[in-house]
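Q: Dock chain one against chain two, each of which comes alone in its own frame, and use the hints as you go.
Here is how the chains run, residue by residue.
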Amino acid sequence: MKKENIIIDDNKLEFNSGETILEVAHRNNIFIPTLCRLKGASPTGRCGMCVVEIKDSDDLTRACITPASNNMIIYTESLKVINKRKKAITKLLSMGNHNCAIRDFHAKDWTSFQLKVLKKDATDQLCPAWGDCELQDLAYKYQVQTRDIPISESSFPIERANPFIIRDFSRCILCGRCVKACREIQVNNAIDFGDNETSGKIIAGSDVALKDSDCVFCGECVEACPVGALVHEKSIKKQRSVKIEKTRTTCSFCGVGCQIELSVQNNKIININSAGRDIVPNNGSLCVKGRFGFDFVNSSERLTSPMIKKNGKLETATWEQAIDVVASKFISIKKESGSDSIGVLTSARFTNEENYIAQKFARAVLKTNNIDHCARL
Amino acid sequence: MTNSIQDIETADVILATGTNTTENHPVISSFIKRACLKGTTLIVIDPRKIKLTQHGDIWLRQTLGTDIAWINGFMHVIIKKNLYDKEFIKKRTEDFEELKKTVLKYTPEYVEKITGISANKIIETAKIFAQAKKGCILYCMGITQHTCGTDNVKSLANLSMLCGNIGLPGGGVNPLRGQNNVQGACDMGGLPNVFTGYQKIDDDNVRKKYETAWNVTELSFKPGLVATQMIEKAEKGELKSLYIMGENPMVSDPDLNHAEKALKNLDFLVVQDIFLTETAKIADVVLPANCFAEKNGTFSNTERRVQRVRKAVNAPGSAKEDWKIICDIASLMGYSMDYADPEEIFEEIRETTPSYKGITWKRIEKQGLQWPCPTEDHPGTPILHTEQFTRGKGLFHAIEHQDPAELPDKNYPFMLTTGRVLYHYHTGTMTMKSKGLNTLSPECFVEISSNDVTKLGFKDKAMVEVLSRRGKIKAKLKISSKAVDGTLFIPFHFAKAAANKLTNAKLDPIAKIPELKVCAVKIQRPA
Ligand code: SF4
Ligand code: SF4
Ligand code: SF4
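Those protein sequences? They're chains A and B, same order as listed.
If you're matching positions, the first sequence starts at 428 in this note's numbering and goes up one per residue.
If you're matching positions, the second sequence starts at 3 in this note's numbering and goes up one per residue.
Since the hints were made in silico from the structure, they are not lab data.
A hint or two may mislead.
[To be verified] What follows is a set of in silico ranges between Cβ atoms, one per label pair, in the way DEER data are often shown:
1) Asp564(A) x Lys463(B): 45 to 51 Å
2) Lys463(B) x Lys513(A): 56 to 62 Å
3) Ser452(B) x Asp751(A): 55 to 61 Å
4) Lys463(B) x Asp751(A): 49 to 55 Å
5) Glu586(A) x Gln369(B): 36 to 42 Å
6) Ala529(B) x Lys670(A): 54 to 60 Å
7) Glu345(B) x Val669(A): 26 to 32 Å
8) Phe458(A) x Lys478(B): 51 to 57 Å
Quick caveat, the model's predicted, so the values are computed rather than measured.
Heads up, the beta-carbon is just placed ideally off N, CA and C, and yes, glycines get one too.
Next up, chain B with everything else stripped away, as it sits in the complex (with noise of 0.2 Å):
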């Protein structure tokens, strides 16, 4: 997120578009529900009738995969109304001629027919969020898992520098991620391209930096795979072994049937997990690990803010930590990997890694600290580019709009999105332990509109078969106040019902993030 979570409940308009915050976010769905109550304006974009379209003044609703044309049909609306900020444009920006160029053709009535979002609706919305003084602007997965995702992402923020509304309190472009530490994951460089803090490998120097740090030579400057071309190499023998900890491929990925193949294809299979999970099954070794609870360390949350993890019981059996387990194998493997406690890495990522280099686990002790925070009198960053971008000017980024991998046709006549349900959390290895959690909601469910379930001739709660071009999985209906004709939901959580069988795996190009939010299915009777 550009800014704090706290910000939220300040805003004056807040757009929220691709999150089901009530019930992914839940805690921060309460700071926009608040708002409300104190008189912020509420935008809900979502292909979906979210809960929070009730607590909002305006719900519209995109063909699924239309979000390039209806937010470059929002900037239409405000470039020809001349309520784009441009002081900030013109101190802060780079390439808004290309911007207006491209958006020029996004008439209203060009964007209705593409997104389905009337064009009266469309100038209306794109008023309210321009004329406001703060205007922040909220956004999940629905925005990233497309083959446009990244585009998607460049889009939003093109609309935010339009109305000035970066590094500002209450506005902002704040993806709220998914999993506790995907954000600390990135920021230590738990990616293919970068090491921690977001420094690249095929720079030289900082490429010096870690091999001094690490008292090793030669590190690879060859940008690695990402997960889901490990799957696509893997399948094709070109990888011969995954070490995989705490993810359960086996049911997040996309396009699961190829998944399976690809991983029963490599020669060795390491998963460290806390629990046999679907992809532990097939592991040729693996290795029980401590959870949260077991372990001291941090968390960064999506706000960047860094904060303590504490250890409060034992582990089971002889389950070990995590960073213990590879320690050991470092080791074994000739290159000594040997720390005290956490709190020494902690302190070795401090060395190598400026935006974090001023946090210290006492400094953290009682509350978190955002980064960036350089220096140890630093107080951390609340809000990001108050001053000037990482880059020194933002770019904005003329994007048109393009279709989704997959569409309906007559064979696959209905549209399918994935996402999650409140009580459960990814691939329900966890929640799925609870009888509570599994009481509220034991099992996959294809959420559909009661007009197409009397059009198909089914009854609420039939089981039925749901085949995509890539696999087929078993679930009942439920018909949903939440759902729009022509489009199903299913949550991803469940291993037996697995809404992955069905979904595209094809890729952002650059993201490397796969559609998961759009691919085309038939329903039919269970033979």
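The following block holds chain A by itself, in its conformation from the complex (with noise of 0.2 Å):
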């Protein structure tokens, strides 16, 4: 069979029967942008960003849900497709509270806008997915003149009533990519867009907070948010002006294994996520204990030191000494009862290093197979 071609932005691409033009698009590493697709999910048509011109066509054309076709020759970023982005943008920024400072926005370079947030950040109102928005990043690429939108209230308080997530609709751009989150992905269908799709706002249940709805926290809509209408409780306490660093490593949970990255400030976890949609065994997906349940590490009540036992008592001690009665113990009692009169319970959360150390500790050392670990429990 003839390999069918589309022409991008002048580079001329195969594409498979069905692929859109924002498939193929991104497939080559061709940039448009969008707010509302979510990689694994239908698309919403939404956000109206990733419109393209087609060669002798007059309007534009939304690439997510346009296929590809033989000979279509697309412009990705001519002067009509900036100009409509730009209008889109604005009337994103218009819908809510984006009070992040780009709207004063007016200066030619990156640096003085972050400075001049850095000033403002003294107060909590700022959107917390400062840095780390779509929206904000788009305005700033397509130098949206925002000055003049005026900010609208929202008319639906923000949502503090759990744990874990807050909602706060004032920034919600109605994207929907929470919506199929939720539904498409992790399919745990606890939320919606309301009855009337343009009353603003997606809904939880019939209209209840999260916690009483189907939601079990497993935060993927948060995730796929690309404003600040979806945070963690825990990250808004991050500080601006300190580095994070990201580590990518394995959720040390459930034996699915998860691909998460932790973001650390201070020597403290302060966020969790995915390690990305492309990334097995979870593509993108967590539950609510790798999420948000990473408070033990930091725990005031994590062990210190080394203890032993006086009198009936555990009393602190020093690893020498600690290390010290172990061994000596262990030594004698081999002596006294026998290699087998001693039991090693490894662990299931250990690493593969610590339970191959754990047992050719048990067998080489204390020469007995008396090793084990609660697998079974």
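A: Below is the structure:
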């Protein structure tokens, strides 16, 4: 079969039948902005950012819902396209309380913009998604002048009635990503568009608080939200001026082994996200434990020094003392009662390397096969 | 798992049994639910009306502890209706005739009597499963934590082989492992009868290999004790000392009152953990360890994928990495264990473990690899047994139904099953440090049907005492649509009302897994 081609910004590209213009472009690393598309879910076509120009056509077309066809010629950043995107961004910004100072932004360079924001950051009213907001990025990229856009108040109060997720409707751009994340990716079916799609609200259950709906706090919607309408309760406490280090690792709760990314500031985990939609085994999904259950790491109840029991009470000791007691006790018990009078329980929470060391210790040092873990329980 | 997590979404039929996936493996449950959206048929066979049943087409409710019976019933129907995969059976399996003979008597009517699942439903569901091209079986501890746990697992393997679902994308028999690195702990020889990669300790060649690798003589060929036996021997005074790391048997063990007595009877108990757990409190020496965010290494997930763990923060106080602590003890005992870092340990693992041989930290930097992975250019193994089974041919096991060790009677009229809830993990040492998780799941409860509550004359949320022959706990009743008349469910996470004070420590004779999923209890007003 002859391969069919589409031409995007002068690049001749092959496509598979059924692929949309957006999919072909993204597969080839051609930038087309989107605010509503969520990988793995059906498109909502709501944000209007992905418009492109098709040669010899008067109207602009949304790349996310238009299938590629043979010999189609596409321009992704023509003047017409840019103006349309600017208008779309302006409309989205005017829908709510987007006070991240992009609106005052007038200066020509990013640095002065940042400095200005940092100065203003004494208030906690500033959108917590600042610096991590796709709408803000696009407004900057397309140099949208927003000084004259009035801030509109939201008709729905902010919801903080659960321990993990803050829902700030005043920043919601009704892109629908959260709905897709909840219904098509996690399939928890907790949230939906309100009855009247233009009523301007994403509702949980029959418009109740998340905690009273079917929500299981997987946080998929938070990760999907392009703006500051859904945020982690914990992440609003981050300090904007201190660098955040990100580390990819594996969740330590269940056997799925989700790939996660820890955000660390001042030696404290402040946030956990998935490692990304393209990464197995979880493809961007997490559950409530993996995403929000990290308080234990920094708990004040963590053990910080060895302890030895004296007169029936555990007392703090040095490592030297503790290791010495353990080693000499093991030696004497082994001598008196034999190797098989000692048992070792290693752990399903240990790394492979640690489990290996534990069984090597039992077998090579204690000379017993009394080594097990609690997998059975 | 014989197959990969990604595979689940491509199955034609999914049979999920003894797995409350939405609460215990939430992300895997999304793969199942997405498959359902795309048209996969989901069959849930579970004593509770778990959430997954809302996404499924079929829910069958078996009486607790009667899994072998329904599985044999399914096979009876499949053989009788001639729906089994003859070619697969001929080419790849042995002892089919034995199986055939045994399941002959498991007619749908007979099975209905044992399991409570109607004969019609058994016929209908067995047909659906057998007629699917790709049938995926998922199970978890609802299948294994029984005195007949090993036989339950073998029965599921029988069913899968009978339908020719092994070695097939979207098929397979897939146990979902509970704790994050159970797979790895087993792979690494954290078991009393095998070294790494399941190499047997009574194989002279294997032992010799390790004696050379470790530079020691006379490694023991005597199989060691499993955890539950260690507790038993401790009570009798035959086991003098235990070195417990990162485990909390004072909450997770069956028949807790007995476990506590046993541990207190030890001459010397060492506990190495990140918190002062219930078990650490009674230790002679407590050693503070690092948690996952403070160490480098690897975990192996339930689909055998070896993945990196990376250090992100520093540990509190003088807490140390677990491997370092063990090495320090070993060295002081006169055997030098000296490694620069965990990667050096991993290299040693590779040397002695054929299934891990081809995996290097460098290779898994971006994405984990699934063992067996014998060479450095091997892509890993997403599906097991595509050509042959580990032993060559797949063996059918003819298995008869056996009653659970304890059944309800006049004095203890309810059946109790235990498990987990979404918001907590195991004994709660980690999740209960989270205010948020505690808000969403603050305390223990006794899940019960509204019929039973009315019959007993209680009210929803009433504080009650639940008693078994071994102990009693106090908790609030919680009427739930998940519950079925006559059966209670209690999560085992909570030390204050530890469900395992009630459970039966009776073991599966082979896997030595205690029967945590069935025992007999009664409910009464607190004194
Ligand atoms: S947290 Fe998860 S379940 Fe709750 S609304 Fe968001 S996506 Fe849905
Ligand atoms: S909450 Fe976020 S993801 Fe959901 S519709 Fe609003 S802006 Fe989009
Ligand atoms: S995020 Fe949830 S599902 Fe994933 S590994 Fe962690 S506990 Fe398991």
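Q: So, for every hint listed, does it hold in this structure?
A: Comparing the hints with the structure gives:
For the pair aspartate 564(A) and lysine 463(B), the beta carbons lie near 49 Å from each other, so the given range of 45 to 51 Å is met. Hint check: lysine 463(B) to lysine 513(A), Cβ distance near 57 Å, so the stated range 56 to 62 Å holds. At roughly 60 Å, the beta carbons of serine 452(B) and aspartate 751(A) sit within the given window of 55 to 61 Å. At roughly 53 Å, the beta carbons of lysine 463(B) and aspartate 751(A) sit within the given window of 49 to 55 Å.
A hinted range of 36 to 42 Å for the beta carbons of glutamate 586(A) and glutamine 369(B) is consistent with their spacing of about 37 Å. At about 59 Å, the beta-carbon gap between alanine 529(B) and lysine 670(A) stays in the expected band of 54 to 60 Å. Take glutamate 345(B) and valine 669(A): their Cβ atoms lie about 30 Å apart, and the range 26 to 32 Å holds. Between phenylalanine 458(A) and lysine 478(B) the C-beta distance comes to about 56 Å, which sits within the given range of 51 to 57 Å.
In summary, the structure agrees with every hint in the numbered list given earlier.
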